[in-house]
Amino acid sequence: MSILSLYLAGCQQKHNAHTAFYYWKTTFRLDQQQKELLNKTSDNRLFLHFFDVTWNEQLHEAIPNGVIDIRTPIQQLKVSPVVYITNQTFQNMKVKDSDSLAFKVNKLLNQLVAAQHINYTLVQIDCDWTVGTREKYFSFLKAFKRFNGKQLQATIRLHQIKYPERTGVPPVDKGLLMFYNMGKISAGLNASNSIYNKEDAAAYTGSLTNYRLPLDVALPAFSWAIQIRGAEVVQLYGKIGLADLAAAQNFEPINKGIGKIAENVFIYKSRKSFYIKGIYIKKDDLFKLETMDAGSINQAAAQLTQKLSPLENRNIIYYELSSISTSSLYEKDIRKITAHF
Amino acid sequence: MKKISGKLLLIFSLALLSAGGIVWACGGGDWDDGEYSNFTPEAFVDHQYSPFFYTSWQAYYGTDINDNSNTRYNEQVVKEWGDYLDHKVNSKDLAALLFTASPGEVDSSYRYFKGQMQLLPAYIPDLKSTSLPKAKVDAFFSYLTLAKQCESFAISDVQYSWDVKTTVVNPAPQLKTNLMIAFDHSNDQFIKQRLWFQLIRYSYFEELPALNTDSSAGPDHSGLVTLFNKYESAFPKNSIYYRALGYLAGHYYKRKDYAQANYIYSLCYNYSSAMKIPSKWSFHPQNEKDWKQSLLLAKNKEEQITLWQMLGIVHDESRAIEKIYSLNPQSDKLDLLLSRLINKAERPGDRYEIDSINSIKINANDLALVERIATNGNTHKPYFWNLAAGYLNTLNKNYIASGKFYNQAKKQLPENDRLVEAQYRLLDWTLYLARLTKIDAKAEKEMVSRLNWLADLRDKKDTIANLRYDRALTESILGLAGRYKKQGDVVKSNCFESTTGFYANNENIKALQALLTKRNKTPFEQAMLRYYHLTMKELYYHQALMLVYQENTDAAIPLLQLADDRALIDLPANPFNSRINDCHDCDFNAFQKKKYTALSFVTTIRDIKAEIAAGKNLYTNNLLLGNAYYNITHYGNARAFYQNNITGYSATSPMDIAVEFRDRFTSAKIAEKYYLIARNSAQTKEQKAKCTFMAAKCERNDLYNASYKKQAKDKKYYWDFDFSTIPVGQYFAELKNKFFQTAYYKEVLKECGYFRSYNK
Chain C
44 MSILSLYLAG CQQKHNAHTA FYYWKTTFRL DQQQKELLNK TSDNRLFLHF
94 FDVTWNEQLH EAIPNGVIDI RTPIQQLKVS PVVYITNQTF QNMKVKDSDS
144 LAFKVNKLLN QLVAAQHINY TLVQIDCDWT VGTREKYFSF LKAFKRFNGK
194 QLQATIRLHQ IKYPERTGVP PVDKGLLMFY NMGKISAGLN ASNSIYNKED
244 AAAYTGSLTN YRLPLDVALP AFSWAIQIRG AEVVQLYGKI GLADLAAAQN
294 FEPINKGIGK IAENVFIYKS RKSFYIKGIY IKKDDLFKLE TMDAGSINQA
344 AAQLTQKLSP LENRNIIYYE LSSISTSSLY EKDIRKITAH F
Chain P
41 MKKISGKLLL IFSLALLSAG GIVWACGGGD WDDGEYSNFT PEAFVDHQYS
91 PFFYTSWQAY YGTDINDNSN TRYNEQVVKE WGDYLDHKVN SKDLAALLFT
141 ASPGEVDSSY RYFKGQMQLL PAYIPDLKST SLPKAKVDAF FSYLTLAKQC
191 ESFAISDVQY SWDVKTTVVN PAPQLKTNLM IAFDHSNDQF IKQRLWFQLI
241 RYSYFEELPA LNTDSSAGPD HSGLVTLFNK YESAFPKNSI YYRALGYLAG
291 HYYKRKDYAQ ANYIYSLCYN YSSAMKIPSK WSFHPQNEKD WKQSLLLAKN
341 KEEQITLWQM LGIVHDESRA IEKIYSLNPQ SDKLDLLLSR LINKAERPGD
391 RYEIDSINSI KINANDLALV ERIATNGNTH KPYFWNLAAG YLNTLNKNYI
441 ASGKFYNQAK KQLPENDRLV EAQYRLLDWT LYLARLTKID AKAEKEMVSR
491 LNWLADLRDK KDTIANLRYD RALTESILGL AGRYKKQGDV VKSNCFESTT
541 GFYANNENIK ALQALLTKRN KTPFEQAMLR YYHLTMKELY YHQALMLVYQ
591 ENTDAAIPLL QLADDRALID LPANPFNSRI NDCHDCDFNA FQKKKYTALS
641 FVTTIRDIKA EIAAGKNLYT NNLLLGNAYY NITHYGNARA FYQNNITGYS
691 ATSPMDIAVE FRDRFTSAKI AEKYYLIARN SAQTKEQKAK CTFMAAKCER
741 NDLYNASYKK QAKDKKYYWD FDFSTIPVGQ YFAELKNKFF QTAYYKEVLK
791 ECGYFRSYNK
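Chains as they are written, first to last, in the numbering used here: chain C, 44 to 384; chain P, 41 to 800.
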């Protein structure tokens, strides 16, 4: 037993992974609990979503959207800016415009960063590109790197890991594997957790070993509730949790009063029509809650490390800080999970 | 409205986790609502509610929506000032002064009026020549000067841009003092009320920065509520009043007093058409407690009804109907909710591919509610409820109930309302179709007028504004085609919905031709043929085509002649040429001394065959036939020869070709036969090598075909297709073993990668 512990401890130190957090809301404001978590577990490493780039149908051009509004002082944090670009942007724009888009994104980003006196060494571009947009996206990335000069990272989704020969490997310094959203968000009452489940994940992890980029990893530290009406998905909410659904005057658990239908999946049925937290719920609506707890994130990390090529100074980014209080994740859990890498 | 499409593939779209808590919005499918809808809201609901007619794909229904916060009230404002200035200033000049002139230009206009300026640039409106009393113009310009200063903070010019937004302009304190002084000194009710509005708006923006930072508020230093309450009753309840009220609601909303905010928004919503969109957009009850408080704030039933209508259009039509009906069954606010309930119910589910109404499930509670109200008959539009109840029952396949409700509606229809009348006809017709089990002569006679009417609507020979008839049209076409097919009448079935399989049988085509050329068509046949899309010429061409692939050239030629212009279109390349590597574009671009049409192509085949029969130029002629029959396969340069309205135009893979014709258009067996005959007649080794390679191409194509077939059977994707594993066949071996010394062999080695790799 003690030998095993020692061995594991040895493993934990081996590759020196760093914890970091995503922050994705448009208003950056941290409460005390979030500040402490950030400080104590990640040494203030933050991947901060600065803005989106979306396609504007009226203007027929790519425009920035949801530019971050920073309300909590940020100078003492180690920020890596993140820009999310919709795939639709690349579907609509022309290859020749990649260069000017890259220029504009870089300019806006640097203005925002300068206003906050942030120094950064790595910048992340997040885009769910496809075969059809690959050429435009990749030429954007090349141009962006030219303008920006910092270490460039691109997010990699699981389907892109599985079919690199079709979707290509982005021309960047580093990838960020998004190890979540592996299932379809469904109204089905017997589906497994769409955020993470071991079986769906296994379909992708096999391709990891040979991926041609060094990979940071993003892990799901979030939960969401899927509102279902008449066998159709109505909406997805991050702010509805077990505490809301457990209120017996509002909801009843299905499945003989247990509620749980699969690992970290719970279904509740509303007893009446009412408003809660700005959400309107209709009588008989179903809420399928998909959660991630320390155990399941740990499992995801363990599954991933079996296939991931070794890397020094890997960032393990938890998604995401603004909603983390609801997922009951503690410092020690995070340390333990990061230590897998 | 788009053209009808038989099948709509409905696709989900996914979005990322975003800020507000709502992380994924499922807007439903991406389609034109008219395509699936049989129920026209315009027939029943007051136009002022039209932005909120149900639509699955845009924020507001209709194309005439002004959703620009900065310009929404401009027309109204110009009208009010026009009235105030006794209509002595034209609207264009007024609009220019009010909305676009700079403070400097306003000042110039005023100084010119006062005689302090001799010349006024032409683009600045001149009020001097209007003979308006000086006091009125003074009041106008004094107000306008202050109002222009308020624009800096009140007009949010949300232009999305790559430049970092300049910081929000905070109202200057001096401006408030000036507004207050002007307000206190003004004796003119019109001006005074507008200054009051400016002060309230000012106060809203004054406290906004603090509230944005900390919504927990603190005392209201802006004095907004006091100012509002103090003078509220001093002014008429006009649009300026309600716009001020909107800022009061905003004030409460920012301070998280949702009960007050939403109640006040409902008052604004109820006031005018122009205020409906922003009020509905702002309406956000948070928890059941504040929603109930909003209801308690309502001063009467009508105000409660408005609140329920808002809840209904945002979230829950049936609950709102239930409540409003219990408050006042005669309320016209029920109309919009019922139209939305119906339009939502008839929308196909997200996960379905629809070609009929089969996939629709009607919520039992909704159905019971609509039936109950329809049966009670005490609303202000009983026919609307009966039509709605009838239609829901049709969707639910309860046709007897449907009929009862429609009969009731028929007696209640308003006179001289074409749209409502057309809506009734349409619903009645789709019920008739749904109940139709066997089509006999009597039924055919009954259907004539409706079928002609729908065809008239489709062809725009009859137009009824806003009427949604696409679903009825689709259901008619598919429904009748299906029933005739069931009855074994494939010709009539095909008249409504053409299927490729029908044309694989020449007897079918002949029967159809007989119908098309029949002299005394019955009224039903005439109506039915309005749904058939092909001409006699197209049918002749298709028949000729089939004969060509059966090598019955002589029989094909007269049919091609009957096909007329269809057979006289130039083929893109010379169909008698061949090349080592297939390259359609190269052939299309190559110089063509002679252009072939389908007709001249087939007559040339006939002439070549005649020469062969006479024993002339056997090598060349058979090689030409090999090329000709190769080129009219999928792999050749003359796909255009076999592409028509029946066989389809867009196949890029053999698997895209309709299964009925796939073998015919992909098999190279005929070509291979002629290449081998040519080889037998060849004089030189070079010629023989060429024929062997051409036969190898035919052989390989047939191997590809077999692979594609297997691929489809194994349900594999196209990207998994592995050409390299295709067996090489006998002619590659013959070419390699027997003709390796020829120049042609070396050319093949250079051009053809497959042969090269085979050779290694």
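Wrong hints could be hidden among the right ones.
[Claimed, not checked] According to the in silico footprint, chain P covers these stretches of chain C (three or more CB under 8 Å from chain P):
| no. | region |
| --- | --- |
| 1 | 105 to 117 |
| 2 | 306 to 320 |
| 3 | 349 to 360 |
[What the hints assert, rightly or not] Lysine to aspartate or glutamate pairs mimicking EDC-like chemistry, simulated, CA-CA at most 16 Å apart:
| no. | chain 1 | residue 1 | chain 2 | residue 2 |
| --- | --- | --- | --- | --- |
| 4 | P | K384 | C | E275 |
| 5 | C | K320 | P | E411 |
| 6 | C | K320 | P | D297 |
| 7 | P | K216 | P | D254 |
| 8 | C | K326 | C | D376 |
| 9 | C | K185 | C | D142 |
| 10 | C | K326 | P | E362 |
| 11 | P | K444 | P | E484 |
| 12 | P | K401 | C | D142 |
| 13 | C | K325 | P | E328 |
| 14 | C | K315 | P | E328 |
| 15 | C | K315 | P | D133 |
| 16 | C | K315 | P | D297 |
| 17 | C | K326 | P | D406 |
| 18 | C | K325 | P | D406 |
| 19 | C | K325 | P | E411 |
For the record, the hints were derived by calculation from the structure and aren't laboratory data.
Glycine residues also receive a C-beta, built at the ideal position from the N, C-alpha and C atoms.
Here is how each hint holds up against the structure:
no. : hint            : result
1   : 105 to 117      : holds (count 6)
2   : 306 to 320      : holds (count 5)
3   : 349 to 360      : violated (count 0)
4   : P:K384 x C:E275 : 13 Å, holds
5   : C:K320 x P:E411 : 34 Å, violated
6   : C:K320 x P:D297 : 14 Å, holds
7   : P:K216 x P:D254 : 23 Å, violated
8   : C:K326 x C:D376 : 38 Å, violated
9   : C:K185 x C:D142 : 9 Å, holds
10  : C:K326 x P:E362 : 14 Å, holds
11  : P:K444 x P:E484 : 24 Å, violated
12  : P:K401 x C:D142 : 50 Å, violated
13  : C:K325 x P:E328 : 12 Å, holds
14  : C:K315 x P:E328 : 11 Å, holds
15  : C:K315 x P:D133 : 56 Å, violated
16  : C:K315 x P:D297 : 24 Å, violated
17  : C:K326 x P:D406 : 13 Å, holds
18  : C:K325 x P:D406 : 13 Å, holds
19  : C:K325 x P:E411 : 21 Å, violated
Taken one by one, the earlier hints fail for this structure at numbers 3, 5, 7, 8, 11, 12, 15, 16 and 19, listed in ascending order.
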